[in-house]
Amino acid sequence: METVTTDSPRNVHIDMGARKPNARPSGEPVFEVADLAVYYGPFRAIRDVSMSIAQHQITALIGPSGCGKTTMLRCFNRMNDLIETARVEGSVRYHGADLYDKRVDPVEVRRRIGMVFQKPNPFPKSIYDNIAFGPKVAGFKGDLDDVVEESLQKAALWDEVRNRLKESAMGLSGGQQQRLCIARCIAVRPDVILMDEPCSALDPIATGRIEDLMQNLKDEFTIVVVTHNMQQAARVSDMTAFFTAEVNEEQDRRTGVLVEYDKTEQMFTNPSDERTENYVTGRFG
Amino acid sequence: MAIAAKGPRTSDVVAQQLRGRSTDVKGIIFQAALLFALLLSLLILLVLIADVARGGLGVFQERGGEFLRGRLTVVSPTTAGVGQGIVGSLLLLIFVVLMAFPVGVAAAIYLEEYASDTRFNRFIDVNIRNLAGVPSIVYGLLGLVIFVQVLAPLTGGKTVMAGGLTLAILVLPIVIITSMEALRAVPDSIREAGFGVGATRWEVIRSHVLPAAAPGILTGTVLSISRAIGETAPLLVVGATTGLLATGGRGFFESFREGYTALPVVVFRWTSLPNEDFRALTSAAIIVLLIMTLSANAIAIILRNRYERKW
Amino acid sequence: MAQAAMSPTGIDLSGNPRRRRKETLIRRVFQAAAVVSVVVSAAIVFSLVGRAGYFLAQVDLATLIAPSDGWFPRRGSFDVMTIFAGTLLVSGIGMLVAAPLGLGAAIYLSEYARPRVRRYLKPILEILAGVPSVVLGFFAITWITPQIVERIVPGAQFFNMAAAGIAVGILITPLVAAVAEDAFRSVPQSLREASYGMGARKRSTTLNVVVPAAVSGVVASLILALSRAIGETMIVAIASGATGGSAFTLDPAAPGQTMTAAMTALAIGSDQVRGTEGTFESLYFIGLLLFLITLALNVISDRFVRRVRQKY
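Residue numbers (the working numbering), protein chains in the order written: chain D, 1 to 285; chain Y, 286 to 596; chain R, 597 to 908.
So that you can see chain D by itself, here it is in the shape it has in the complex (with noise of 0.2 Å):
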């Protein structure tokens, strides 16, 4: 098996100049972003963004509101393709394959590459339902009674819910309708999973519970979570991107920047960009 290699670490491109180059996460690259805009209609949302994510690592994107986080994360599995007016310009490569290829299907990316959402949103269908429906459309032939137990223990939720697998998943708890949704996208098997805020609408000790999850997980998968809350970023992440927001005064329109990208804990206790030590020392934001 052959390893993805970059000739040379990639810096991040800051128009202001940035005073060091960001640190490359060690192990193999899963995503190389490049040179990355995204516009809705004429209004740009985020522009020259470069990174590279790690496999098997938690990767935090933070920033403040209007930042571009979640309009970044939608790049990595082409959830942006159904925004009618987004554009993509740049690259996206996933192990080295450009994502936007014309030949790529979004469908077969976002099979691979699984997303959790904001705010739980389970099918109104039986809890089996939710998990099975990934597995069956992408023409699994198993036993699908297995991907469900599976999915659900993985997802620490097979204890709850064990017994009234048949019942509606509107029933669940917010947290628990929560830990479905990331248990329905395991069940696809993918390689990394993208979540966007996972946690901002449940309580602490539910989020308590996804925070826990997520470090078991990342044996297995790749996970690249957006957050506004920089304690979660601290806890959970090995690296984080911090983005933020250029103010366009005249159009009134923001576009996101990434200003530093670096292991958690060199960006939270010695920032080299005085932005994210403002922010994340709370002084922005």
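Here are the computed lysine to aspartate or glutamate pairs in the DMTMM-like style, where the Cα-Cα straight-line distance is at most 20 Å:
1) D:125 - Y:477
2) D:166 - D:150
3) D:218 - D:197
4) D:119 - Y:477
5) D:166 - D:149
6) D:119 - Y:473
7) D:166 - D:146
8) D:136 - Y:477
9) D:218 - D:28
10) D:102 - R:619
11) R:798 - R:707
12) D:119 - D:212
13) D:136 - D:149
14) D:102 - R:608
15) Y:311 - R:707
16) R:798 - Y:309
17) R:618 - D:105
18) D:166 - D:129
19) D:136 - R:619
20) R:618 - Y:398
21) D:125 - Y:473
Here are the in silico distance ranges between beta carbons for each label pair:
22) R:662 - Y:312: 52 to 58 Å
23) Y:361 - R:781: 49 to 55 Å
24) R:789 - Y:317: 24 to 30 Å
25) R:808 - D:216: 58 to 64 Å
26) R:659 - Y:317: 49 to 55 Å
27) D:84 - R:608: 23 to 29 Å
28) R:781 - Y:364: 48 to 54 Å
29) Y:312 - R:782: 19 to 25 Å
30) R:714 - Y:331: 16 to 22 Å
31) R:793 - D:216: 50 to 56 Å
32) Y:361 - R:895: 46 to 52 Å
33) Y:338 - D:85: 56 to 62 Å
Among the chain R residues that face chain Y by a calculated CB cut under 8 Å, a handful are:
34) 629
35) 636
36) 640
37) 696
38) 697
39) 701
40) 705
In short, the hints are calculated from the structure, not lab data. All residues carry an ideal CB built from backbone N, CA and C; glycine is no exception.
Starting from the structure of chain D, add chains Y and R where the hints point.
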């Protein structure tokens, strides 16, 4: 404190002021007028039903089920009945169900789920809204030219098929618009969840969007059935028979290419007769017609209210 | 474990070709269904324009606007003003009935009715919307004429345009109520609260805040109802009389002919005598006029509805 005890207590003064001015007479009159408008609209429905019932129930008492089987005639009120009208209306509905529903729901799915915001798709959307407002008699002219004349080799002229296709096209915009509304009410989070686990658009629609929108779509289709049962003008134009009609003794499929009448056409025909005896028959036929259309309407409304989902 | 994660490069992301083909095919089928609606519009225009053109070629255009002749297709008098006036008169009466009733009911349901009351009354109004127009036509001659018209205008004729107009008004009242109520309910609660916050009463809040905010929707509901009234056929065919033709008249207590009633008369051949050349084709000419008038009204009303949507 001792000083304050002399005058009226502050709390009493405030309480007095909070009681406000005298009764708001204008407000009450206004509200009463509004309520009157609403109740008058509802009262008309009651008067209409009472008027028709008074005139028509006697026919059922005298002749019972025989009236429901009787033939369309304008000469002998004692044997005339609505049998052919009911059969004709049901035959017409077959076309509405088989043509308008699949095409209408499919068009709605395209416009809500697939269509991007191009000029052509916007044109289709506006076009459908305008079609919904075209008077029904104009659809009759469309049917007369296209189904009765141009497509005569297929339909056989002024037949059930020509009438049924005309009604199907007439209700198509209603089916499309109500189905689109039902699809729009399904939250995007459901679709995203489906796409997020690697399903194609159709897989997401079939497994999640359509089931969630089904009650709304069903409501629209039942409403359009009600509309189709009550439509008269286009059928007159495309040649529903208002006179004597042979009882077709032939097979089910042959009957599509034969002359026909429909229940509302029978009502219209009898209404225009000067003979007083037919007045009661008309009321009786209207009772049958109202039972068919209003029960379809009521079913649609109940369906909608029961499944009105809060996301 | 996690097989996909092990494969390093050369990943095939092109997906399952069969699944993609199926997806494309389904999309095409749905698209074709949507295009059917365009075909229907084209068919309407095709059906109307050719025959209407033939009619215009047959008649002396000057006679189309000659109220002294009236509308007697059998005699070759095709004065459009006569039936247009009839249409305006009947739909005008209809609007006089429907606007106060429909808007009053809408305001009551939206602003005053308690949720429980609303839950029961609104469906009844919707059921009224389901009464077929042929039934209202019958109701017009059996009840409205003797109970209402003859009381207001003693000596009114049995068939008269007033009864037809009132019945048309009853028909479109639920439409006005439904569209207007949607408009009132889409006025944000915060506007009402702002008014109450300044000490306004319910009546002034309704009249000075809610109704002005929903004015686009109210206008839309009225235009839509007018369009429906103009296109309504069976009520006038039954109740307004003058099936053979009519002289120009604006007397609501007298029989008269509207555009749609004239079309019905031609279509069912209530005058079996073949008139002059192009008599039957006049049907298509009126149809085309009717189509254009209602289309214009619908487009205008749609504009107003859109304005409501944009605001909130």
